[in-house]
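Visitor: Here is how the chains run, residue by residue.
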Amino acid sequence: MTQEGSIITDEMKALIGVEGTPTVLEVEKGAIRMMAEAIGDPNPLWQDEDYAKKTKYGGIIAPPVFLCSPRAGIARGVQRKSPFLRALAGGDELEYLKPVKLGDTITAVSRVTEYSEREGKRGKMLFTIIETTFKNQRDEVIVIGRSTYISY
Amino acid sequence: MATQLYYEDVEAGMDMPPLVKHPTTKQLVQWAGASGDYYELHYDKDFARAQGFPDVLVHGKLKFGLLGQLITDWIGEEGFLKKLGCSYRGTDHPGEDLVCKGKVTNKYVEDDQHLVECEIWVENGKGEKTTPGKATVILPSRG
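First to last, the protein sequences are chains A and B. Under numbering that gives the first Met the number 0, the first residue of the first sequence is numbered 0, with each subsequent residue one higher. Under numbering that gives the first Met the number 0, the first residue of the second sequence is numbered 0, with each subsequent residue one higher.
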């Protein structure tokens with residue numbers, strides 16, 4: 000039953016937990032470099048193979064933001080509904096279980112996990128939480144992302 | 000690289016070295032290409048104005064990336080970032096100084112891991128925290 004006056008419909012609730020289309024991303028050196036340059040992050044761990052080889056990672060790894068991008072499939076491919084047209088990114092939280100290494104093939108799968116509503120300055124606002132699980136080529140979960148979207 | 004930070008070096012209340020950034024429109028375009036986020040709000044001023052903003056907006060996820068650098072610069076290559084999260088509370092525009100800051104809130108040992116919790120944020124030129132967040136890191140111990 001939909002609560003009286005709630006903007007969260009049964010149709011929306013039915014989409015909770017439904018997995019979206021997977022996004023597959025190969026972790027390439029150029030892609031990592033572009034990301035590091037966009038951030039303005041000169042850390043040699045992201046770019047210098049000789050340097051990275053001597054660290055505990057044994058090679059280049061990606062900076063923390065790497066999977067927090069539409070290209071990597073965060074909050075992508077998932078069906079979601081909102082009664083509103085205007086939308087904003089509310090925030091992101093990433094939990095890192097293993098490093099993202101150069102040469103990995105990452106598969107991202109997202110699902111809506113939660114809706115909530117709040118009364119804002121311009122009326123009702125809908126908060127949608129989308130969880131994304133990132134697995135590497137060995138089927139190990141390496142990162143779990145939780146993204147909040149606000150529509151109003 | 001700076002000297003490695005150890006668990007024994009940090010205490011609750013300690014500040015991280017701040018990271019000062021000055022995002023330009025060019026940087027936003029670089030981020031758009033690197034991340035695959037081609038929403039016009041971040042590079043088309045007319046589009047941003049039609050939405051009621053004075054200028055294009057710095058991507059939230061780019062600010063997440065700046066906070067990521069704040070942490071990885073601080074913890075060094077022996078540290079491991081376990082969790083990073085932030086809320087895109089306020090908007091930021093290119094041409095403004097953004098300062099990423101952080102403070103240690105707690106430290107503890109769990110399952111042999113030396114964990115440190117931090118409050119982190121992006122501050123604009125007016126000193127407003129536009130992007131508050133939290134991070135949990137694992138630091139090496141001198142044992």
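If you are wondering where the hints come from, they were derived from the structure by calculation, not from laboratory data. One should not assume that every hint holds.
As the list claims (entries may be wrong) - Simulated coverage check for chain B against chain A, where a stretch passes if three residues somewhere in it have a Cβ under 8 Å from a Cβ of chain A:
1) 5 to 12
2) 29 to 36
3) 49 to 63
4) 111 to 124
What you are looking at is a predicted structure, and each value in this text was computed from that prediction instead of being measured. We treat Cβ as the ideally placed atom computed from N, Cα and C, and that holds for glycine.
Visitor: The structure should be examined with respect to each hint, and the outcome stated for every one.
Guide: Outcome of the hint check:
1. 5 to 12: This one is violated; 0 residues, fewer than the three required, reach chain A with a Cβ under 8 Å.
2. 29 to 36: holds (count 7)
3. 49 to 63: holds (count 4)
4. 111 to 124: Violated - the segment 111 to 124 of chain B has 0 residues with a Cβ nearer than 8 Å to chain A, which falls short of three.
Comparing the model with each numbered hint stated earlier shows that hints 1, 4 do not hold.
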